[in-house]
Structures are given as structure tokens and as C-alpha cells.
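Protein chains in written order, with the working numbering: chain A, 46 to 304; chain B, 45 to 231.
It is worth saying that the hints were derived from the structure and are not from the lab.
Where a beta carbon is used, it is the ideal one built from N, C-alpha and C, also for glycine.
Check before you lean on any hint, since a few could be wrong.
Derived CB-CB ranges, DEER-like [stated by the list, open to error]:
1. A:Glu82 <-> B:Thr144: 35 to 41 Å
2. A:Asn236 <-> B:Asp152: 21 to 27 Å
3. B:Asp102 <-> A:Pro81: 26 to 32 Å
Under the rule of at most 27 Å between Cα atoms (straight-line distance), these lysine-lysine pairs were calculated in the DSSO-like manner [what the hints assert, rightly or not]:
4. A:Lys272 <-> B:Lys105
5. B:Lys62 <-> A:Lys102
6. B:Lys215 <-> B:Lys96
7. A:Lys102 <-> A:Lys48
8. A:Lys245 <-> A:Lys272
9. A:Lys272 <-> A:Lys284
10. B:Lys62 <-> B:Lys182
11. B:Lys107 <-> A:Lys248
12. B:Lys213 <-> A:Lys272
13. A:Lys48 <-> A:Lys69
14. B:Lys105 <-> B:Lys182
15. A:Lys48 <-> A:Lys78
16. B:Lys182 <-> B:Lys215
17. B:Lys107 <-> A:Lys102
18. A:Lys69 <-> A:Lys102
19. B:Lys107 <-> B:Lys62
20. A:Lys78 <-> A:Lys102
21. A:Lys78 <-> B:Lys62
22. B:Lys213 <-> A:Lys78
23. A:Lys48 <-> B:Lys107
24. A:Lys102 <-> B:Lys213
25. B:Lys213 <-> B:Lys182
26. B:Lys213 <-> B:Lys107
27. B:Lys107 <-> B:Lys96
28. A:Lys69 <-> B:Lys182
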Amino acid sequence: MEKHEAKQILQAYRTDLSEIDDPKVGEALRMAKENPELNAYLDQEQAFDRAFTQKLKEIEPPAGLLERILESAPSEVEAMPRQGKPAKIIWWKNPVVWSAAACVLALIALAAVFTQNRAPSTNESDWVVMNNFAQAAAQHSPTIHQMDFQHSDVSLIGAYLDRNNSPRPHSLPDNMSQLLGMGCVTYTWENNPVGVICLKGEKVYNLYVTHRGGLAIERSQSSPYYKQFGEYSTALWTKDNLIYVLTVEGQPEDLSPLL
Amino acid sequence: MDSPNQVNEQLDFNDLVKNYYTPLFRFAYSLAGNEEDACDLTQQVFYIWARKGSSLRDTSKVKSWLFTTLYREFLRVRRRGSNMISYEPELLETEMPPVTPDYVAALDAAGAVESLAEVDEIYRVPISLFYLEDLSYKEIAAALELPIGTVMSRLSRGKAQLKEILLRKEKGTHPAARRDESGGYKD
Chain A
46 MEKHEAKQIL QAYRTDLSEI DDPKVGEALR MAKENPELNA YLDQEQAFDR AFTQKLKEIE
106 PPAGLLERIL ESAPSEVEAM PRQGKPAKII WWKNPVVWSA AACVLALIAL AAVFTQNRAP
166 STNESDWVVM NNFAQAAAQH SPTIHQMDFQ HSDVSLIGAY LDRNNSPRPH SLPDNMSQLL
226 GMGCVTYTWE NNPVGVICLK GEKVYNLYVT HRGGLAIERS QSSPYYKQFG EYSTALWTKD
286 NLIYVLTVEG QPEDLSPLL
Chain B
45 MDSPNQVNEQ LDFNDLVKNY YTPLFRFAYS LAGNEEDACD LTQQVFYIWA RKGSSLRDTS
105 KVKSWLFTTL YREFLRVRRR GSNMISYEPE LLETEMPPVT PDYVAALDAA GAVESLAEVD
165 EIYRVPISLF YLEDLSYKEI AAALELPIGT VMSRLSRGKA QLKEILLRKE KGTHPAARRD
225 ESGGYKD
């Protein structure tokens, strides 16, 4: 490791970073022990960090904020059980039970809608999973700050996803390939890797890609299926071994010209 | 039958607010840069908790949940107020300018926040969480939904910016005045 690289790691060093099993951090610390210049650099950084932390911790909330927060809280605030000591809650008073029941009913209703409006599936649970994936994508909507990599060149974004073993489209539909790249995000959903390519045209579009196999999806959906979740619209389709969800803050009509 | 100590075993809303409103306010202040918006953000986080907090099953993640929610609220408010998208700026200088801890110690807290507010937002968020020390490195990465390596590189760049801002204030000059023609720093 070069000295400048070690310095970059050392300037972001905090003791709890040692808990993270990163060989580069270990190497930078070892270099700091052996090299007096790096050692002094680390000391200087730590002194600066301590001084700045101390300054931020001198900030005190203004008088009255505590009372303002407590007074503004809804009256039906639920108590939270302390860690490791779950409180007993009578099941029919538990909002989680009611929420779960509502979700089950909603999913049944959703499945009913799908079966009425779409071709019957060989496996109805596939629809539920795909719907959940589309909904999760609509709710994810990364900001520019959350992107792992930012670039306007979509091919470089694809290369980044490849390097990080993230799923990515084999190819983009023609109209979508005209859009400017913004960047990408990688994350996991239900323990499955998801690659997100963020594109910019008249609006910002996010293309989510994951493996069908990971979600145990047998069903194919060659034409886009549109669905709105709150302020976001989604289009879902499958191709080869991948599931795609394109999202936009807007109407389904904003998506269809791209597909 | 419920235990007579059950009430004591519950983390009630008042306790939660009393335990966390100060660190959350500090984080909000470092993001927003002014007291009024920081108060609004802090209040909003507890309001959201009051409405949705019971759905959090893992009580060990309450603190992370509160900080993450505050950050998301900050982004939401910012997004509503401006259509501007800030891209990650390129860092021209990688070598950090020296800033003495004595100078930082001589600042007041408002001065520290004022300097922090000048750091690009993309770096300011991880720096604030880093210095406030309320969240572990892993928790910061989770809250920002970023890999730890990205958090580290943003911290590194953000600290360089922060030091340059502090140095500018210390010297009373613009940083450009301290660079020679080759882009390096003059002694």
C-alpha cells in the first residue's frame, strides 16, 4: 500500500473501524506503527477529530424543544419493549397482528385483481413476490447521495455493477438506452442482490434488476406490467434469468414510452 | 398475568424522547445548519416514531432507526425545496491542510456547525455522524445505505474540505490565494 493511500484510510479512522474485517485498514494501521511520519499523521488526525467532536457535543437543544416534542406526539403512542425483555401484549390489542391481517387481506385482494386482469399464472405466489419487489423498488428510490457510483456513461455503470457482482441488464430497451446515466446502487432485497441503474431523461428513472432464481420466480412476464405505488409508478417484466422493475416518480404513462 | 414490573420494562415515548432528542438535534443542526430547521426535523422524527415506531421489532435498532429517519426527512424536505441535484464533486487536492486542534478548540459550537455547513452535503452527512459518535461505523453505513468503503472515502474527502474551510477562516483568506500556479500549497 502506498503512503498516500494509507493516509486516506488513517484520516477516516475511528477505533470502531478496527471491528470491521478490512485488511486495508489493518495494513494502514500497521504502516502507521512502523513509519514515524504516518504515526505522527494519525496522531494529528485523531487530535483534530477529538477537538471537533468536542465542539459538536457542546451543541445543546434550545429550551422548550423537549416539551414541544412531547406535546406534539399523537395520544395513541405505543410503548416499545426494552431490549431482550419483550413485553406481553394481548394479541388482539397488538397493532402488528392487525397490520399483518390487513396485509394478508390486501395481498388476497391483490392476487384476486391479478387473476381477473392478467393471464392466470402457473404459480400465484410468483405474482405476490414480484409485486412485493416492485413495491420495494418504488419505496427505495435512491437519492444521488446514496449512489455507490456516479457516471453519465451507462456502459461504465454496467462495468461497475459487474465488478461488484451485482445483477445488471444484458441490454436496455432502445428508448431507455437514449437516457443519460446518473449512477447506480447495489443492495440486497430479501437476501438477493439487486442492481439499480439510475437514468435521467425528462424525469429520473431507476431500473432495478435481480435474479429470478434468487426469488424462486418461475413465471415469465415478457410484456411490462404497470402498477402505481403512492407517488411512484413501476413497470415490471422478466427477461431471461432476470426480473426488471423500472420506477419513476409519476404516472405509468411516464414509463411506457421507454419500454 | 402481566408482571407488575411490566411498565418498567417498557421504553415509553417520554423516555425515548429524553434519551435521544439531544443527539438527534445535534445531527439535525449539523445537517440543516440552523436551529429552527433542526428543531422541526427533530420533532418530526419523534412524530414519525409515535405513528410508526411500534412496527420496529428489533429494539436494539431504535437509535439507528431514529438517525436514519431524521436523515431521510432531511433529504425529503430538501428535495421538496429544490430540484437541484448535487453531484459528487471532484477533489482537486488530496493532501490535507494542517489545522491545529487549538484553533478548533477556540471555536464555539456555532462556529463549528457553520464551518461544517460549508462542506458539500454529500460529505457533510457522514462527517456529522462520524464526529457526533452516536452511531458505529457499521450503523453509519447502514443509515446512509452505503458500503463502508464509500463512507470512508467520503469522510476522507469531507475532512479535507472541512479543514480547508477552517484554515480559510483561521487565515482570513480564500483557499485559492494559498495555492501556487501548479495547484500546490504555498508554505
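field: Hints that the structure is at odds with (numbers, increasing)
entry: Checked against the structure, the hints that fail are numbers 1, 2, 3, 4, 6, 7, 11, 12, 16, 18, 20, 21, 22, 23, 25 and 26, while the rest are satisfied.
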